[in-house]
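Peer 1: With chain Z's structure known, arrange chain Y on it following the hints.
Number of protein chains: 2
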Amino acid sequence: MKLNNLNDLLIHELKDIYNAEQQITKALPKMKEAASSDKLKKAFQDHLEMTEKQIERLDKVFEIIGEKSSGEKCKAMEGIIKEADSMMSEKADASVMDAALIASAQRVEHYEIAAYGTVCTYAKQLGMDEVLDQLLITLEEEKKTDSLLTEIAEKSINAKAE
Amino acid sequence: MKLNNLNDLLIHELKDIYNAEQQITKALPKMKEAASSDKLKKAFQDHLEMTEKQIERLDKVFEIIGEKSSGEKCKAMEGIIKEADSMMSEKADASVMDAALIASAQRVEHYEIAAYGTVCTYAKQLGMDEVLDQLLITLEEEKKTDSLLTEIAEKSINAKAE
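So the sequences go chain by chain: Z and Y. According to the working numbering, the first sequence holds residues 1 to 162 in order. According to the working numbering, the second sequence holds residues 1001 to 1162 in order.
All clues stand as given, with none of them false.
Here are the simulated DSSO-like cross-link-like pairs (lysine-lysine), alpha carbons at most 30 Å apart as the crow flies:
#1 Z:K82 x Y:K1053
#2 Z:K143 x Y:K1155
#3 Z:K143 x Z:K73
#4 Y:K1002 x Z:K30
#5 Z:K26 x Y:K1002
#6 Y:K1026 x Z:K15
#7 Y:K1082 x Z:K15
#8 Y:K1155 x Y:K1143
#9 Z:K2 x Y:K1041
One side of the interface only, derived from the structure: several residues of chain Z facing chain Y at Cβ under 8 Å:
#10 N5
#11 G79
#12 I113
#13 L126
#14 E154
Sample of chain Y residues lacking proximity to chain Z, with all beta carbon distances greater than 12 Å (derived):
#15 D1038
#16 L1048
#17 E1049
It should be emphasised that the hints constitute simulated quantities derived from the structure, not laboratory data. Source: prediction; values computed, not measured. Yeah, the Cβ is synthetic: ideal placement off N, Cα and C, and Gly gets one too.
So that you can see chain Z by itself, here it is in the shape it has in the complex (with noise of 0.2 Å):
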């Protein structure tokens, strides 16, 4: 199907995120295995129930546009689930890997900050309102992770991995 339009672009964006979101939600529980901080276990028990969520916005999403709910394999995320599996079989101590799996998570939200930025701007120019007011929840809350991951990190892993 050829891209006329940036609407198009739209919803190609959107089956991209909504691939991407699925993908998460499987790497997540991995993670929450993996790491050994009772903090960093709960944050990302937290964020699988926040993608959940994310997962139905994007479903509210598509039916305002009036498009079936679908996915297209995101290489991209596809990607950074790879790094963040072969960091999870390093050998590593125990707060060292939790400093790791930050990383990894905090490039996960980067890769939804952009695709979420862009779709975003796309909603605005083509003044779709109502699928922008349910794209922001999710950005903010994308980002909102981001910083309360970094926290995590500065406040008590990365002292302790040092």
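Peer 2: Same frame as chain Z, now just chain Y:
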């Protein structure tokens, strides 16, 4: 090699970033070629030159910490670029392709923002002031590039793609 402490993890992460930057220098000329907007072509060219300087800066960082400059396959960047490649092979109106290229480039930038953000917090924790100074320069450049891409998208490309 077991990752025993934050210093080991810092070196591990620097190798990941070093390889990611090298992958980016190969991707940017293709993205420039695929772009139609002169402003966007120039942004990709400028960023290519900036990336080459960022690699030199990483060489300096490796020298400071007494490690040989080397990369380790960054699977995440490989995925992000694979996705950009598959976007470039799509059929699209010229302005829509420009918008899509910006979307891909911002995913690249955000990966780097996350990665440099991480090594900056490690360098700070480890009291490596000279290393931190170098890494902070690049982190700021990546953030500025991301903002510039948003500006190009919002001020011209997205409206044309609509």
